[in-house]
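Enquirer: Here are the chains, one letter per residue:
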Amino acid sequence: MTHPSQSLDEVVHQRHRLGILTVLAEGKRVQFGFLQDLLGLTDGNLSRHLQILEEAGYVAIEKGYEGKRPRTWATITKSGRRALDAEMRILSELLHHAGDQKATDTLRPSRSPKVLAPRPIP
Amino acid sequence: MVPAEQQSWADEADRLRRRTRLARRGYWFPMLAFGLLVLGCLPYFRTRSGSSTTMYSSFHPALSLVAGGNSGNPSRLAVYWLIGAPVAYFLSAAFYRFRARRVGVSTSTKVFVAVGLGLLLLLVVLSAVGMALPGRDTAQRGLLPLITFGVGFCVLAWAERSWALGVFSALFLGLTVTVNVFSTVTWVFTQHPTWLFEHHLGLYLEQIDPFVVGAVLMVGGLLAGALFLIRRRSLL
Numbered sequence: 000m001t002h003p004s005q006s007l008d009e010v011v012h013q014r015h016r017l018g019i020l021t022v023l024a025e026g027k028r029v030q031f032g033f034l035q036d037l038l039g040l041t042d043g044n045l046s047r048h049l050q051i052l053e054e055a056g057y058v059a060i061e062k063g064y065e066g067k068r069p070r071t072w073a074t075i076t077k078s079g080r081r082a083l084d085a086e087m088r089i090l091s092e093l094l095h096h097a098g099d100q101k102a103t104d105t106l107r108p109s110r111s112p113k114v115l116a117p118r119p120i121p
Numbered sequence: 000m001v002p003a004e005q006q007s008w009a010d011e012a013d014r015l016r017r018r019t020r021l022a023r024r025g026y027w028f029p030m031l032a033f034g035l036l037v038l039g040c041l042p043y044f045r046t047r048s049g050s051s052t053t054m055y056s057s058f059h060p061a062l063s064l065v066a067g068g069n070s071g072n073p074s075r076l077a078v079y080w081l082i083g084a085p086v087a088y089f090l091s092a093a094f095y096r097f098r099a100r101r102v103g104v105s106t107s108t109k110v111f112v113a114v115g116l117g118l119l120l121l122l123v124v125l126s127a128v129g130m131a132l133p134g135r136d137t138a139q140r141g142l143l144p145l146i147t148f149g150v151g152f153c154v155l156a157w158a159e160r161s162w163a164l165g166v167f168s169a170l171f172l173g174l175t176v177t178v179n180v181f182s183t184v185t186w187v188f189t190q191h192p193t194w195l196f197e198h199h200l201g202l203y204l205e206q207i208d209p210f211v212v213g214a215v216l217m218v219g220g221l222l223a224g225a226l227f228l229i230r231r232r233s234l235l
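Residue numbers (numbering that gives the first Met the number 0), protein chains in the order written: chain A, 0 to 121; chain B, 0 to 235.
Excised from the complex, chain B in its bound form (with noise of 0.2 Å):
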């Protein structure tokens, strides 16, 4: 076998794996799906009175970990992440069956889903036994299921294969990390006390964080789905 043979068989490798990834990948609808789900629980972060740190009455403690305590309605937000969380893994997972059918060749979101829906579950039981973290202020805020999505994405990194989204979902774990221990309203609170009041920001301000998680796996989700027709069509 001559070298330049050789040569031409692993160029030959390397051009339909490349060529078989990017007829396999589809991880654009779930970031899709799921900023969609992030978006969507903005309406249970307004807080009624417009104090950020208003302790409601519905708030179940066996779903603590789940809904936090701080959100404007706590156990609406329970039963939002656990109905929505689950419904955006199913949708995930039928839309990479219903592509693996289009396109023929599939691939595993079993270790996605099982992963992402445990870590939901494993709130759920930790909350049921009363388990609080510590900083519970800041870190029960109902935002806790965004890091669930974050480690979620960092195995279908790996089950995709790819890089791109590994660097994603790896910067998007931090922020969903960030988000959980650092409240906007309360910085802002702290610099400035009276903006709150003065403002109705308090009304709002909650509202920030989960919005910018939302927003950076919509713009990631539609900045990926771009680039995979763009890339789709100078390949195939």
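Next up, chain A with everything else stripped away, as it sits in the complex (with noise of 0.2 Å):
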């Protein structure tokens, strides 16, 4: 049985772009200001893991103008989709093994302490 880290997608296995396909999985459309403002993260940085997941085909980003203003959409694809599922998966998993882990260190006695063998009297 493989453990389920070797599973892992490494552009998915990523704070934040975790982070990112989140939100994306929740709306039709989410402008680049609001994935901004929810992850609290700069201009630049949000950018280069956007321009990642849209290498991985994870993400469609889209440039427009609403009005006069500049705008940039992302969006998730399917195999985005698939992926964050895919990942959100292995995460519990990894949790329930690390949850067994726990439970079965607690069970396993111990390192038995040092009991002084009583001295006979003399």
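Don't take every hint at face value.
Here are the simulated lysine-lysine pairs, DSS-like style, with alpha carbons at most 27 Å apart [as the list claims (entries may be wrong)]:
| # | chain 1 | residue 1 | chain 2 | residue 2 |
| --- | --- | --- | --- | --- |
| 1 | A | Lys-77 | A | Lys-67 |
| 2 | A | Lys-62 | B | Lys-109 |
| 3 | B | Lys-109 | A | Lys-27 |
| 4 | A | Lys-27 | A | Lys-62 |
| 5 | A | Lys-77 | A | Lys-27 |
| 6 | A | Lys-27 | A | Lys-67 |
| 7 | B | Lys-109 | A | Lys-77 |
Just so you know, these hints were derived from the structure itself, not from any lab.
Once you've looked at the hints, go ahead and assemble the two chains, each given alone in its own frame, into the complex.
Expert: See the structure below:
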């Protein structure tokens, strides 16, 4: 049986990218500014993460205007949704795994304390 | 990756999901819009003679499933539903679009609008081909469009991913089906046959069923709106 961590997708298995995909999965289209505020990332940082996700085919980026204001919208793709589901499933398995490990450790008798043998009474 | 880190990632994802949903949600608006639409139909349910079962010559059979035959003013009621419902769907979609621009995250309302208007259109088509429902007297009082609104709200709950709206919509759908098969006027008439005439109740009793449906939507919309404000202030 393989450990769940062996099937992790390195693109999604990063805190901010996981956050981006989670937010995108909740809406039809999400504005760059909304992601930035929610995740607390800088312009450059968020752009870099979005670029990585776009290159992996997990996110589609759309640029346009709302009135005179330039806007960037991000949308999660089908494969992005699948990757997010897989990552969340693996995270949950890892947590279960860790929980089981903890339970086993608790049940396993720890190093037995040294018990001094009673001295024979002379 | 240590378990504490995994837990913190999972918690963070959960927090982001909840905050995004809270920012995106706006179902209080369609609830209020459709509540007003339903309450606005009440004048069409005021019978002229005081008898709830009067059939008027203005009744158009091609719209029987939309307007019914027993309501006070069937043809006008059909026009009211056929204009009012698309307006309510359009306003709801426009509200979601406006909200998406303001907040930065959008909800897809295409399925909600398509299912709602599609079902209304289906009623028109079925009327035109002369389909009649069983239990015609109770099931055809011009309240069938309410069922299409109920189904529409179930679809909206799915689009919004909201359990609260899902439960409300299921109960609301049940209510709309109930008012189509159970008539308060008929019930009062069977219990106290003379009341309708002695107290001139017949003039207003037809309005009770649509009033209850509209009031439930309005109260639900107001409560949901207030709840959103409180939760948004506490979370954002």
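Enquirer: Against each hint, give a clear statement of whether it holds in the structure.
Expert: Against the structure, the hints:
Of the pairs offered as hints, the one joining A:Lys-77 and A:Lys-67 is violated, with about 31 Å between alpha carbons and a cut-off of 27 Å exceeded. For the hint pairing A:Lys-62 with B:Lys-109, the CA-to-CA distance comes to about 22 Å; that is within 27 Å, so the pair holds. Note on B:Lys-109 and A:Lys-27: the hinted pairing holds, with a Cα-Cα distance of about 11 Å set against a maximum of 27 Å. Pair hint A:Lys-27 plus A:Lys-62 holds up; C-alpha atoms about 15 Å apart against a cutoff of 27 Å.
A threshold of 27 Å between alpha carbons decides the hint, and for A:Lys-77 with A:Lys-27 the separation of about 12 Å falls inside it, so the pair holds. Distance restraint check for A:Lys-27 and A:Lys-67: the Cα-Cα separation of roughly 23 Å lies within the 27 Å cut-off, and the hinted pair is therefore satisfied. Of the supplied pair hints, the one linking B:Lys-109 and A:Lys-77 holds, its CA atoms being roughly 18 Å apart against a limit of 27 Å.
Hint 1 alone, counting from the list given before, is not met by this structure.
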